[in-house]
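Number of protein chains: 2
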Amino acid sequence: MKKIPESTVGRLSVYLRLLRDLSDRGVTTLSSEELAERSGTTAAQVRKDLSFFGTFGKRGLGYSVDELVRALRGIMGLEKTWRVALVGAGKIGTALLGYQDLRRQGFVIEAVFDRDPAKIGRRWNGLSIQPESQLEDALAGGIDIVIVAVPAEAAQGIVDRVVKSGVRAVLNFAPTRLTVPAGVTLKTVNMAAELEGLSYALVNEVWRGNDAEDARET
Amino acid sequence: MKKIPESTVGRLSVYLRLLRDLSDRGVTTLSSEELAERSGTTAAQVRKDLSFFGTFGKRGLGYSVDELVRALRGIMGLEKTWRVALVGAGKIGTALLGYQDLRRQGFVIEAVFDRDPAKIGRRWNGLSIQPESQLEDALAGGIDIVIVAVPAEAAQGIVDRVVKSGVRAVLNFAPTRLTVPAGVTLKTVNMAAELEGLSYALVNEVWRGNDAEDARET
Chain S
9 MKKIPESTVG RLSVYLRLLR DLSDRGVTTL SSEELAERSG TTAAQVRKDL
59 SFFGTFGKRG LGYSVDELVR ALRGIMGLEK TWRVALVGAG KIGTALLGYQ
109 DLRRQGFVIE AVFDRDPAKI GRRWNGLSIQ PESQLEDALA GGIDIVIVAV
159 PAEAAQGIVD RVVKSGVRAV LNFAPTRLTV PAGVTLKTVN MAAELEGLSY
209 ALVNEVWRGN DAEDARET
Chain W
9 MKKIPESTVG RLSVYLRLLR DLSDRGVTTL SSEELAERSG TTAAQVRKDL
59 SFFGTFGKRG LGYSVDELVR ALRGIMGLEK TWRVALVGAG KIGTALLGYQ
109 DLRRQGFVIE AVFDRDPAKI GRRWNGLSIQ PESQLEDALA GGIDIVIVAV
159 PAEAAQGIVD RVVKSGVRAV LNFAPTRLTV PAGVTLKTVN MAAELEGLSY
209 ALVNEVWRGN DAEDARET
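Protein sequences appear in the order of chains S and W. Quick note on my numbering: the first sequence kicks off at 9 and runs consecutively. Quick note on my numbering: the second sequence kicks off at 9 and runs consecutively.
Just so you know, these hints were derived from the structure itself, not from any lab. Don't take each hint at face value.
Given that identical chains are not distinguished, each listed pair holds provided it fits within a single copy or across any two copies.
[Unchecked claim] Pairs of lysine to any residue residues, derived as SDA-like cross-links and limited to a Cα-Cα distance of at most 20 Å, are as follows:
{"id": "1", "residue 1": "Lys172", "residue 2": "Gly48"}
{"id": "2", "residue 1": "Lys172", "residue 2": "Arg91"}
{"id": "3", "residue 1": "Lys99", "residue 2": "Gly134"}
{"id": "4", "residue 1": "Lys11", "residue 2": "Asn212"}
{"id": "5", "residue 1": "Lys99", "residue 2": "Trp132"}
{"id": "6", "residue 1": "Lys172", "residue 2": "Glu213"}
{"id": "7", "residue 1": "Lys99", "residue 2": "Asp109"}
{"id": "8", "residue 1": "Lys66", "residue 2": "Ser31"}
{"id": "9", "residue 1": "Lys172", "residue 2": "Gly98"}
{"id": "10", "residue 1": "Lys66", "residue 2": "Ser39"}
{"id": "11", "residue 1": "Lys172", "residue 2": "Leu186"}
{"id": "12", "residue 1": "Lys11", "residue 2": "Gly62"}
{"id": "13", "residue 1": "Lys99", "residue 2": "Arg131"}
{"id": "14", "residue 1": "Lys88", "residue 2": "Leu210"}
{"id": "15", "residue 1": "Lys172", "residue 2": "Gly82"}
{"id": "16", "residue 1": "Lys66", "residue 2": "Thr50"}
{"id": "17", "residue 1": "Lys88", "residue 2": "Glu118"}
{"id": "18", "residue 1": "Lys99", "residue 2": "Asn133"}
Pulled out of the complex, with its shape left as it was, chain S reads as follows (with noise of 0.2 Å):
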């Protein structure tokens, strides 16, 4: 397959979830410039994000919603459940486990962590919150992804004995710069970098409102 731009992938989870409530509503079929319109891009570009894959939709018909929602579940890997561990069961933490929409769509969080004593033991959503020191115990266990919520000064270590016990998918969470070896994906959610950014924005009024450069982050 040829190497998917991430900015693809990322307008790939649009898609999806767009399809999903219009099939939800009883939608059956749209076409490539209504899925353009309210992904907020083009019909063109929806095409040719799609054409990677395969041949989708007919000339003049456009796209059958619930077929495309079964083939971007299995390009996106949504089709299995996904076992993902938590470390930093603090605020940010806290709200990830009551994030209903991650287990519709097959990441169920099977393990918490966190280093605080006075934590350990808890109970949150049926789980119950681990020290941290048996963290390569339980990734032995086959966890697939780790979400990573601890301050930012401990997630680099945390994120090494991670990679370590074979983990090959992270979310970051912690306002840092992470480094994973390759064979390893990592992916920051960085809410105080867009805050700054748009700080940044506003004081040199650079607009860049939806440019193509802004796409990848939706």
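Put chain W on the given structure of chain S with help from the hints.
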């Protein structure tokens, strides 16, 4: 001023956070190599990023940590206080309200809105949750940045009202793609899309590690 790449602005946030930590620990100078290593980038990239904004550091002596912190705070617009409103007092909104770093960095949440009658009037962090219907009145009071943390299907409607009220910077947490007119900057924090990106990488064995594209997200 030249158009600054958004990836540069993202790295400035990372540099600033690192430099502040170093300053807190009493470190007074550091080289571009040291800053690069801690930021997961190259010394050449550090020098290039900073060169957009002037001349920093002395050859052979490196950067003065405090001077660079001051300069970066000025460049990023972090010397002033930004007045922020939050729309959506759900789980994500609540986590944001409790995120102390925001205030320390000059982002002060001054108003919170929700459409759920059961939440209106409840107090949180010294604020009283206001009905969403009063959004326009409150924004007219001089809000700089609006954080949107409402369900996906409600987000575009809120953003349209926010933009009409004259706000030019929006941070969106709804898992959907929003559009704003020219003159407004929109940033999206989409945790679900990041997780789906990890799922995609796992099933397609695409290992991006910390490549150039990922650097934008950190």
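Hint-by-hint comparison with the structure:
1. In this assembly of identical chains, the alpha carbons of Lys172 and Gly48 lie at most 20 Å apart only when taken from different copies (19 Å versus 40 Å within one copy).
2. Proximity of Lys172 and Arg91 under a CA criterion of 20 Å is satisfied intra-copy only: 17 Å inside one chain copy versus 43 Å between copies.
3. Taking the shortest Cα distances, Lys99 and Gly134 sit within 20 Å of each other both inside one copy (18 Å) and across copies (18 Å).
4. In this assembly of identical chains, the alpha carbons of Lys11 and Asn212 lie at most 20 Å apart only when taken from different copies (10 Å versus 35 Å within one copy).
5. Taking the shortest alpha-carbon separations for Lys99 and Trp132, both the intra-copy value of 13 Å and the inter-copy value of 15 Å come in at or below 20 Å.
6. In this homomeric assembly, Lys172 and Glu213 come within 20 Å of each other (Cα to Cα) only across copies, at 18 Å, whereas the closest approach inside a single copy is 44 Å.
7. For the homomeric pair Lys99 and Asp109, the shortest alpha-carbon distances inside one copy (18 Å) and between copies (12 Å) are both at most 20 Å.
8. In this assembly of identical chains, the alpha carbons of Lys66 and Ser31 lie at most 20 Å apart only when taken from the same copy (18 Å versus 61 Å across copies).
9. Proximity of Lys172 and Gly98 under a CA criterion of 20 Å is satisfied in neither setting, with 24 Å inside one chain copy and 36 Å between copies.
10. Taking the closest pair of Cα atoms, Lys66 and Ser39 come within 20 Å of each other only inside a single copy of the chain (9 Å); across copies the shortest separation is 58 Å, beyond that limit.
11. With identical chains, the CA atoms of Lys172 and Leu186 are at most 20 Å apart within one copy only, with a shortest distance of 15 Å there and 39 Å across copies.
12. Within a single copy, Lys11 and Gly62 get their C-alpha atoms as close as 14 Å, which meets the 20 Å cut-off; across copies the closest is 37 Å, which misses it.
13. Both within a single protomer and between protomers do Lys99 and Arg131 lie at most 20 Å apart by alpha-carbon distance, with minima of 15 Å and 18 Å respectively.
14. In this assembly of identical chains, the alpha carbons of Lys88 and Leu210 lie at most 20 Å apart only when taken from different copies (11 Å versus 42 Å within one copy).
15. Taking CA atoms no more than 20 Å apart as the test, Lys172 paired with Gly82 passes in neither setting, with 29 Å inside one copy and 40 Å between copies.
16. Proximity of Lys66 and Thr50 under a CA criterion of 20 Å is satisfied intra-copy only: 18 Å inside one chain copy versus 48 Å between copies.
17. Within a single copy, Lys88 and Glu118 get their C-alpha atoms as close as 15 Å, which meets the 20 Å cut-off; across copies the closest is 42 Å, which misses it.
18. For the homomeric pair Lys99 and Asn133, the shortest alpha-carbon distances inside one copy (15 Å) and between copies (14 Å) are both at most 20 Å.
Hint violations for this structure: numbers 9, 15, all remaining hints satisfied.
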